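Q: For the protein sequence lines, the chains are A and B, in the order given. Residue 287 in the working numbering sits at position 236 of the first sequence, with consecutive numbering throughout. Residue 84 in the working numbering sits at position 33 of the second sequence, with consecutive numbering throughout.
A few of these clues could be false.
[Stated by the list, open to error] Straight-line Cα separation of at most 20 Å, SDA-like style, residue types lysine to any residue; simulated pairs:
| # | chain 1 | residue 1 | chain 2 | residue 2 |
| --- | --- | --- | --- | --- |
| 1 | B | K196 | A | I265 |
| 2 | A | K196 | A | F108 |
| 3 | B | K196 | A | P205 |
[To be verified] A short, non-exhaustive set of chain A residues, derived as facing chain B with CB atoms under 7 Å:
| # | residue |
| --- | --- |
| 4 | P156 |
| 5 | L160 |
| 6 | L168 |
| 7 | I214 |
| 8 | M221 |
These are calculated hints, taken from the structure and not from any lab test. Because the structure is a prediction, the values reported are computed rather than measured. Quick reminder that beta carbons are idealized off the backbone N, C-alpha and C, glycines included.
2 protein chains.
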Amino acid sequence: MPDAPFVAPSAFWEGRYVLVTGGFGFIGSTLARRLCGQGAVVTVLDCLLPQFGGNRFNLQGYEDRIRSHVFDLRDGSALESLLEGQEVIFNLAGQTSHLDSIRDPETDLDINVTAQLRLLERCRQVVPKVRLVYASTRQLYGRPKYLPVDEGHPIYPVDVNGINKYSAEMYHILYSQIYELSACVLRLTNTIGPRMRIRDARQTFLGIWVRQLIEGRPIEVWGGEQLRDFNDVEDVVDALLIAGEQCDLPLEPYNLGSAEVISLADLARLMIEIHGSGELLVMPFPAERKKN
Amino acid sequence: MPDAPFVAPSAFWEGRYVLVTGGFGFIGSTLARRLCGQGAVVTVLDCLLPQFGGNRFNLQGYEDRIRSHVFDLRDGSALESLLEGQEVIFNLAGQTSHLDSIRDPETDLDINVTAQLRLLERCRQVVPKVRLVYASTRQLYGRPKYLPVDEGHPIYPVDVNGINKYSAEMYHILYSQIYELSACVLRLTNTIGPRMRIRDARQTFLGIWVRQLIEGRPIEVWGGEQLRDFNDVEDVVDALLIAGEQCDLPLEPYNLGSAEVISLADLARLMIEIHGSGELLVMPFPAERKKN
Chain A
52 MPDAPFVAPS AFWEGRYVLV TGGFGFIGST LARRLCGQGA VVTVLDCLLP
102 QFGGNRFNLQ GYEDRIRSHV FDLRDGSALE SLLEGQEVIF NLAGQTSHLD
152 SIRDPETDLD INVTAQLRLL ERCRQVVPKV RLVYASTRQL YGRPKYLPVD
202 EGHPIYPVDV NGINKYSAEM YHILYSQIYE LSACVLRLTN TIGPRMRIRD
252 ARQTFLGIWV RQLIEGRPIE VWGGEQLRDF NDVEDVVDAL LIAGEQCDLP
302 LEPYNLGSAE VISLADLARL MIEIHGSGEL LVMPFPAERK KN
Chain B
52 MPDAPFVAPS AFWEGRYVLV TGGFGFIGST LARRLCGQGA VVTVLDCLLP
102 QFGGNRFNLQ GYEDRIRSHV FDLRDGSALE SLLEGQEVIF NLAGQTSHLD
152 SIRDPETDLD INVTAQLRLL ERCRQVVPKV RLVYASTRQL YGRPKYLPVD
202 EGHPIYPVDV NGINKYSAEM YHILYSQIYE LSACVLRLTN TIGPRMRIRD
252 ARQTFLGIWV RQLIEGRPIE VWGGEQLRDF NDVEDVVDAL LIAGEQCDLP
302 LEPYNLGSAE VISLADLARL MIEIHGSGEL LVMPFPAERK KN
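So that you can see chain A by itself, here it is in the shape it has in the complex:
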């Protein structure tokens, strides 16, 4: 899959030392490829745990150009030497599953908060002037009180994951205020494109839909009227690169969203149409989901 830069390459990245946490993931690997193409010296960290998004396949062909470490951010001890010399960190590592965060909230906390705090602590000590871009989630707004959901929308997380991602956001902003490092927080919505996880619904529900279509199974939709928006992964990478380069952006979180929304049922129908075949199965919410 060729790289597809939609913004003009910037001389800013040439020879720049950049670290991507979660770099074997869907978005992380797409970013790492783009950075590499712009001449950055890229290192990726990824724990490669099977339930998360990392996959060596995502950086196939880049083995000689991108340094990679299988590393779990929860193990803070080796972080110091990995951070040394880095100028920009794209902090994309995290647990993204809503349901996993309810089933095992402590693991979500360890990954999305404790490890993040540890990373920030090491950053301020080892690379005190580093630029950090943190990938957060629009999920922390909870059920929309109005549309479109802008950055002023109140925060009402509906799951442990939302609370924890919000904490990590606040840590990034606080550390930018009281220390020399500077951070930018981006709140991502459903991101789609090549290399997205289709094994299950952990990254986005759309992954499992793609799989169901390919395997000739019906797309199972709970409810169907819910509205969603989507970003192309290359657009998200554009935004990440801008955020990494512009250190003087105001220190408020930014939504990455699309102006267009579509209902789940309409989306499923559209995918079936594009695929040329497929079946839509609308189901009532199961009890566990409803409660959450």
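We have chain A; now place chain B onto it with these hints.
A: Leaving out everything else, chain B in the frame of chain A:
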């Protein structure tokens, strides 16, 4: 010091099984005494670590009437048997120091977030219908954008402690929404009264002022124009008891605040006047404080 109930005792507490975390602390012990006086079967948990607020002296004279366990909420394993049979939990355990949370953010996170999440997880498993009252802090609003600071004021924590207390609040509210337990979140301001910590400024700056007065040393005030409000500990206990009893209160955090505010310099002068002697020393903010 005699108990001083300002609200009429309620039959609700007679024979009720009540757990107070942080029960050897200033507010916790005052609450435990009141509950005991109203016929509740009271158990207190406290880690009694020296840098926190717990002190055996605070429950002197109640040794035969209140069960106590030296217990750190971070050690989740024994929590199950301590929770069994409890009907109301006053969750007052926590790290309260602003500066400690900046110096050692991971410990603040462990105590104020990880241990809290663990407690809630054990609660939903062991005492699924328990009533929880969580003592949070007004500090999480950050610098006031308007006065008085009401519950609709935006949340801008200025330290790690504020972020972590806010997370724990959100956990309590989320668990009330998705499980059977019910929680009430109270945001406390400076609380004063008998048994308050005067060893240092970790609980409230007023503690160290009292000590400075008693020891004939000048009261050291940074700045002096900052406005603060105060609650009498018995009023706070009133609010805690109401929150414990009223399970149908709307699930939003409540500020416990006083309508009256006073500047730090005026407060110091008032204390000197009441004490009959003393000296006020107004100083510029030290660099570390200013940054925070």
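Q: If a hint holds in the structure, say so; if it does not, say that too.
A: For each hint, the structure was consulted:
Distance check on the hinted pair: B:K196 and A:I265 sit about 54 Å apart at the alpha-carbon level, beyond 20 Å; violated. Under the criterion of a C-alpha separation no larger than 20 Å, the hint pairing A:K196 with A:F108 is inconsistent with the structure, at around 40 Å. Using a Cα cut-off of 20 Å, the hinted pair B:K196 and A:P205 holds, with the two alpha carbons roughly 17 Å apart. A cut of 7 Å between beta carbons decides the hint on A:P156: the least distance to chain B is about 6 Å, and the hint holds.
At a threshold of 7 Å, the smallest CB-CB gap from A:L160 to chain B is about 6 Å, leaving the interface hint in force. Among the interface hints, the one on A:L168 holds; its C-beta lies about 6 Å from the nearest C-beta in chain B, closer than the 7 Å criterion. A least Cβ separation of about 4 Å between A:I214 and chain B falls short of the 7 Å threshold, and the interface hint therefore holds. Annotation: A:M221 was flagged as interfacial toward chain B, and the flag holds, the nearest CB pair being 4 Å apart, inside 7 Å.
Going through the hint list in order, the structure does not satisfy hints 1, 2.
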